[in-house]
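Chains as they are written, first to last, in this note's numbering: chain D, 18 to 495; chain W, 32 to 112.
Treat the hints loosely; a few may be bogus.
Calculated pairs, EDC-like style, for lysine to aspartate or glutamate (alpha carbon to alpha carbon, straight line, at most 20 Å) [as the list claims (entries may be wrong)]:
{"id": "1", "chain 1": "D", "residue 1": "K442", "chain 2": "W", "residue 2": "E82"}
{"id": "2", "chain 1": "D", "residue 1": "K468", "chain 2": "W", "residue 2": "E67"}
{"id": "3", "chain 1": "W", "residue 1": "K51", "chain 2": "W", "residue 2": "E35"}
{"id": "4", "chain 1": "D", "residue 1": "K197", "chain 2": "D", "residue 2": "D39"}
Hints listed in this document are in silico derivations from the structure and should not be mistaken for laboratory results. Everything numeric in this text was worked out from a predicted model, so none of it was measured.
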Amino acid sequence: MNIIDSLRNNVKKYPSKIGFIDEENKVTFQEMLDCVEEFSSSELFKNKNQTVGLILENSIEDIIAYLGIINSGKIVHIIPPNITEKNFINQINSSNPYIVICSEKNRINFSNFDIKDLTIHTNEEIIAKSIVQEKIPDINKIAYLIYTSGTTSEPKGVPISHEMIEFTTKNIVKVLEYSKNDIDLTPLPLYHSFGLGCLHTSIYVGSTFVLLKNSNNLENILNSLKKYNTTTLAVVPATLTKFLKFEKQYLDEKFSNIRLIITNSTSIPKETVNDFKPIIKNRKLATYYGLTEASRSTFMIFNENSKLDESVGKSAPGVKIKIKKFDKKLKIGEIIIQGKNVIKNYWDNPTADKNLENGWLQTNDIGYLDNDENLFLVGRNDDLINIGGEKVIPSEIEEIIKQIPEIEDVVAFGIDNEIFGKIIKVNIIKKKNSNVHKTKILSYCLKNLEKFKIPSKIEFVEKIPKNEYGKVKRSMLK
Amino acid sequence: MQDEKVKNDVKNIFFEVFPKLSENEFGWGKEQKDYENWDSFAQLNIITFAESKFDISFSLDESIEIKSANDLLNCINSHLK
């Protein structure tokens, strides 16, 4: 069953139910299906080329476009609105769409890009060309194509099939108990697989999907919880951490109707988990681990067992996770995943396909499994610092330095060295009014880390570069 | 006075990097080969600690040449003077 089938099921069961709400509009399932069918019947889709670009923003119009392209038998190449010209051109050269669809505002922005032989259409222009179809096209096996944001290499195209979406969505529904009675608030970008997965889940169960534009507007998110009688909320860990700046009583009131908070992207800080537990007492705070290439590979529902607060949970039903150990003596290694949620190949990229061996995806993430098969994330393989043959995981150093009370934030990374190949540098943000000296940090490290893990360079900085999900942009460190 | 402070700081660097080193075992002329744990990583730690403590930077050649507490003291003094 594909996502369009799920929408049709909802129309059969509850045609007049409000299925989609954004900050300007609300539409029923019937209205959504009508709009999707009108969109997909555009004569602009009568082209042999199978890929259509969509600059996807958080709006009902763009949900119609996304589902409409799928319903037309094409593959949606999802393009973030904030993409750079270089990345845009790289992606277009790889996916080879014959048209790109976007809002009028984005057409103006993108018209300055150096894109010959590519036509940009607005959603309205697509609909204006709708015609009566003699034959409804078959739906492509691939639903969408999304490019990973690879920080160290060129972006890789990840084709997501309907089979993968169905498998993943069923797991989400089963583990997190989504139902048609839910009202799901999503202040996440739809151009990211987390946000898009939330849309698929709501359509699959026939719940109401509430879409906000801005994940940084905390007051708007909190007010929307009450305004829409929200029962589930999907946010990144950084947003949850930011919520904690509000008073507990205020949060208690705002979250009183919530049965589930789901988060992802990075392992959630244990302090955030601890502080949030009393706010959503007797309800669920959950996270999951996954990649675009292997969505929702584990689930973690936090409970009173604080020993597991730093875990991303057990593997999802039907998904296998193993650790490819660097050394037999160590429990740590690269996480590898197999299951129907894993892509079969990258988009026209034999080099990237080497990450897939007999259906096992080499994630490049480092972690370990405890005796009960709970997965713990430690870092990225790319981030490993090889110092004279000794491999060092930056997070281990960062965690130790963060224990020093005068330290606000820290990032560890490798820099070139003539003798060791790499040595460790740490960039540190001191707390306000702190005059901590580098020697205090070194002394603390010497007491708590092996000698090859001691930083060789320490720099106090004002800022550590991070992306919108709170992940450190390691390629920008120096 | 200043010299004594520098000497004391250098000595403390050795006690930081070699936590099992006792006062009796420390010697200004005692060489790298006579320390049980003075390997290339310990060398790196000594250099790092000294650079941070005195806000100086050693060249690669200087770093390699330090084979005793005395060598470190002389190297630091050459930067401070």
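Here is how each hint holds up against the structure:
no.	hint	in the structure
1	D:K442 - W:E82	14 Å, holds
2	D:K468 - W:E67	14 Å, holds
3	W:K51 - W:E35	23 Å, violated
4	D:K197 - D:D39	18 Å, holds
Going down the numbered hints, you'll see the structure goes against just number 3.
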